[in-house]
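S.K.: Take a look at the letters that make up each chain.
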Amino acid sequence: MAAETQFEQPIQRLRTRLDELRGYPDSPAKRREVQKLEQKLGRLSREIYGNLSPWQKTLVARHPARPFTLDYVRLLLRDFVELHGDRAFSDDPAIVAGFGFLGERPVAVIGHQKGRDTKEKIRRNFGMPRPEGYRKALRVLKLAEKFGRPVLTFIDTPGAYPGLDSEERGVSEAIARNLYEMARLRTPIVATVTGEGGSGGALGIGVADAVLMLEHSVYSVISPEGCAAILWKDQARAREAAEAMRITAADCKALGVIDVVIPEPAGGAHADPVAAIDAVGKAIGAALARLDALPVDALLAARYEKFRAMGIWEGASAGR
Amino acid sequence: MWFRKDKTPREPRDPKTSASLGEGLFRKCEACRETLYAKEVERNRQVCPKCGFHFRLSADERVRLLLDDDSAVHLFGDVRPGDPLKFKDSKRYRDRLREYEGKAGRPDAVVAAEGTIEGMPVVLAVLDYAFMGGSMGSVVGEVLTRSAERAVTRKSPLVIVTASGGARMQEGILSLMQMAKVSAALARLGEARLPFVCILTDPTTGGVTASFAMQGDVTLAEPKALIGFAGPRVIEQTIRQTLPEGFQRSEFLLEHGFVDAVVPRPQLKQTLATVLRLLAP
Ligand SMILES: [Zn+2]
Numbered sequence: 249m250a251a252e253t254q255f256e257q258p259i260q261r262l263r264t265r266l267d268e269l270r271g272y273p274d275s276p277a278k279r280r281e282v283q284k285l286e287q288k289l290g291r292l293s294r295e296i297y298g299n300l301s302p303w304q305k306t307l308v309a310r311h312p313a314r315p316f317t318l319d320y321v322r323l324l325l326r327d328f329v330e331l332h333g334d335r336a337f338s339d340d341p342a343i344v345a346g347f348g349f350l351g352e353r354p355v356a357v358i359g360h361q362k363g364r365d366t367k368e369k370i371r372r373n374f375g376m377p378r379p380e381g382y383r384k385a386l387r388v389l390k391l392a393e394k395f396g397r398p399v400l401t402f403i404d405t406p407g408a409y410p411g412l413d414s415e416e417r418g419v420s421e422a423i424a425r426n427l428y429e430m431a432r433l434r435t436p437i438v439a440t441v442t443g444e445g446g447s448g449g450a451l452g453i454g455v456a457d458a459v460l461m462l463e464h465s466v467y468s469v470i471s472p473e474g475c476a477a478i479l480w481k482d483q484a485r486a487r488e489a490a491e492a493m494r495i496t497a498a499d500c501k502a503l504g505v506i507d508v509v510i511p512e513p514a515g516g517a518h519a520d521p522v523a524a525i526d527a528v529g530k531a532i533g534a535a536l537a538r539l540d541a542l543p544v545d546a547l548l549a550a551r552y553e554k555f556r557a558m559g560i561w562e563g564a565s566a567g568r
Numbered sequence: 051m052w053f054r055k056d057k058t059p060r061e062p063r064d065p066k067t068s069a070s071l072g073e074g075l076f077r078k079c080e081a082c083r084e085t086l087y088a089k090e091v092e093r094n095r096q097v098c099p100k101c102g103f104h105f106r107l108s109a110d111e112r113v114r115l116l117l118d119d120d121s122a123v124h125l126f127g128d129v130r131p132g133d134p135l136k137f138k139d140s141k142r143y144r145d146r147l148r149e150y151e152g153k154a155g156r157p158d159a160v161v162a163a164e165g166t167i168e169g170m171p172v173v174l175a176v177l178d179y180a181f182m183g184g185s186m187g188s189v190v191g192e193v194l195t196r197s198a199e200r201a202v203t204r205k206s207p208l209v210i211v212t213a214s215g216g217a218r219m220q221e222g223i224l225s226l227m228q229m230a231k232v233s234a235a236l237a238r239l240g241e242a243r244l245p246f247v248c249i250l251t252d253p254t255t256g257g258v259t260a261s262f263a264m265q266g267d268v269t270l271a272e273p274k275a276l277i278g279f280a281g282p283r284v285i286e287q288t289i290r291q292t293l294p295e296g297f298q299r300s301e302f303l304l305e306h307g308f309v310d311a312v313v314p315r316p317q318l319k320q321t322l323a324t325v326l327r328l329l330a331p
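As they're listed, the protein sequences go chains A and B. Take the first sequence: its letters are residues 249 to 568, numbered as in this note's numbering. Take the second sequence: its letters are residues 51 to 331, numbered as in this note's numbering.
What the hints contain is simulated information worked out from the structure, not anything from laboratory work. Incorrect hints may appear among the rest.
Calculated lysine to aspartate or glutamate pairs in the EDC-like style (CA-CA distance at most 20 Å, straight line) [unchecked claim]: (1) K138/B - D327/A; (2) K319/B - E111/B; (3) K136/B - E562/A; (4) K141/B - E473/A; (5) K278/A - D267/A; (6) K136/B - E488/A; (7) K136/B - D499/A; (8) K390/A - D540/A; (9) K481/A - E286/B; (10) K394/A - E241/B; (11) K141/B - E553/A; (12) K138/B - E488/A; (13) K141/B - D540/A; (14) K138/B - E491/A; (15) K367/A - D319/A; (16) K138/B - D267/A; (17) K390/A - E241/B; (18) K319/B - D120/B; (19) K141/B - E491/A; (20) K530/A - D327/A; (21) K138/B - E562/A; (22) K138/B - D339/A; (23) K136/B - E491/A; (24) K394/A - E429/A; (25) K530/A - D267/A; (26) K369/A - D339/A; (27) K481/A - D139/B.
From a predicted model like this one, the values you see are computed outputs, not experimental measurements.
Work out the full structure, taking the sequences as your base and the hints as a guide.
M.R.: Now the structure itself:
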């Protein structure tokens with residue numbers, strides 16, 4: 249990790265120095281020095297994080313200390329009740345789902361979930377869902393529709409799990425069904441890409457009326473490593489692939505794929521998770537308020553047109 | 051088993067050696083290695099008369115196979131690819147597209163047509179594996195969406211034939227979004243209570259499988275077609291073991307409940323027509 253986020257090292261060094269300094273006995277000179285270093289840290293963070301390359305953003309999006317779905321749930325929701333299982337095969341810990349109160353309002357939440365420590369990472373399968381994860385998500389989507397609750401999804405996955413069991417139980421079918429059902433679900437859906445928006449595994453909970461994206465998160469059709477392996481037969485050229493595929497939040501906004509870029513605190517969401525989560529909460533609130541104004545048929549028509557318009561081609565649009 | 055167990059997925063064939071042209075008197079079956087009369091293979095719908103191996107069909111051959119003679123009217127041929135990302139790997143995407151267009155005689159990896167199947171009007175869309183591995187970018191997404199919308203206005207069933215390596219990397223995230231776009235159009239078709247039959251052919255993987263290929267009211271597959279989400283190589287790298295024989299083939303999907311029937315090509319049109327008659331308005 250240290251090697252992967254080399255661009256963060258000047259920030260880390262400064263933080264360490266600040267921590268050391270704070271341990272010394274109080275004095276006016278110390279306070280001056282602390283203030284100076286804090287300002288420098290702020291400047292440096294803004295400078296480095298204001299100029300991240302697409303590949304660096306990929307690394308930030310994968311940062312092990314970045315807030316995960318359950319962190320958003322803990323800070324944004326009250327009385328969260330997690331629901332487990334797809335009622336067909338098992339429960340997939342790589343996707344969490346349930347209901348809770350956002351302010352006064354009951355909402356459904358569905359999100360990819362990664363783990364913090366090794367044990368948890370393995371239990372969560374590094375945030376790579378199997379079919380039952382998507383089927384659990386569908387179950388909760390249908391419950392939300394039935395009881396008229398809006399749905400919030402949090403996207404943060406390297407992709408759906410490319411394993412033997414995953415194929416055997418039809419991960420494609422599970423994702424495909426969610427795309428189909430989310431397109432016509434009769435309740436508002438707000439999706440937020442909070443980390444890695446990895447391919448079909450991300451989109452499988454990503455069809456929404458509003459799609460938000462944290463500033464340093466990424467959203468792509470294939471991982472930069474996967475793209476590089478195919479195009480150049482060389483995973484090490486992931487950096488180039490990340491550039492070429494236009495995977496950043498700003499790119500996705502420019503391409504008309506997402507609606508809102510949510511700015512992150514200087515130094516990234518992991519540097520100040522509470523502020524990052526708060527910003528996401530506010531953006532979700534604003535999106536929901538916009539969607540609440542629409543009757544459900546208008547909501548569905550707008551959702552259709554939103555995805556209908558995606559893509560860039562040439563030639564007459566006659567015959568539509 | 052006839053199919054190869056090597057780890058490299060089959061590359062799109064050079065059109066010169068492809069079944070579609072069938073030049074020369076003889077050709078060799080890729081599965082049983084028998085030398086066959088080219089004419090006989092052609093008469094047999096590009097299926098090996100000795101072992102039943104299904105050679106890949108071109109999109110045009112597929113349209114001829116499924117639609118009644120002279121009934122096809124091609125649609126949406128004016129939708130042409132752009133280069134939204136200004137993408138370049140070893141070659142510029144734009145140049146690559148031009149090359150494929152030169153070879154294939156169409157601007158992208160999909161053919162759409164209106165016509166009849168045993169007299170029943172249908173909208174048919176066929177992915178062309180010979181064009182950049184049948185990959186789905188903005189054009190494929192747009193043409194499939196229009197096809198579904200056309201089926202709704204014409205109140206006719208929709209048939210899609212897949213053959214694709216998945217989403218097209220060269221159009222990045224826009225390719226991924228085509229999965230959602232087409233799915234939404236198919237959901238509308240479903241709400242109009244019009245049948246959507248999907249026919250899976252070799253190979254169908256990635257984002258195509260994880261969207262419309264698995265959304266059919268009825269799903270048919272040609273024998274021994276590779277059908278999956280992740281490619282076999284990726285799975286082998288993930289689980290660090292070789293895959294069992296027949297994994298991700300049509301028969302495997304039938305056994306696991308993800309396709310309705312495996313239909314040999316010579317019976318495909320008739321089976322499709324019967325299904326449509328049973329479901330269409
Ligand atoms: Zn043969």
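S.K.: State for each hint whether it applies.
M.R.: Here is what the structure says about each hint:
| no. | hint | result |
| --- | --- | --- |
| 1 | K138/B - D327/A | 50 Å, violated |
| 2 | K319/B - E111/B | 13 Å, holds |
| 3 | K136/B - E562/A | 14 Å, holds |
| 4 | K141/B - E473/A | 19 Å, holds |
| 5 | K278/A - D267/A | 12 Å, holds |
| 6 | K136/B - E488/A | 13 Å, holds |
| 7 | K136/B - D499/A | 13 Å, holds |
| 8 | K390/A - D540/A | 19 Å, holds |
| 9 | K481/A - E286/B | 17 Å, holds |
| 10 | K394/A - E241/B | 18 Å, holds |
| 11 | K141/B - E553/A | 34 Å, violated |
| 12 | K138/B - E488/A | 10 Å, holds |
| 13 | K141/B - D540/A | 47 Å, violated |
| 14 | K138/B - E491/A | 10 Å, holds |
| 15 | K367/A - D319/A | 18 Å, holds |
| 16 | K138/B - D267/A | 46 Å, violated |
| 17 | K390/A - E241/B | 17 Å, holds |
| 18 | K319/B - D120/B | 15 Å, holds |
| 19 | K141/B - E491/A | 16 Å, holds |
| 20 | K530/A - D327/A | 19 Å, holds |
| 21 | K138/B - E562/A | 19 Å, holds |
| 22 | K138/B - D339/A | 42 Å, violated |
| 23 | K136/B - E491/A | 11 Å, holds |
| 24 | K394/A - E429/A | 13 Å, holds |
| 25 | K530/A - D267/A | 31 Å, violated |
| 26 | K369/A - D339/A | 16 Å, holds |
| 27 | K481/A - D139/B | 11 Å, holds |
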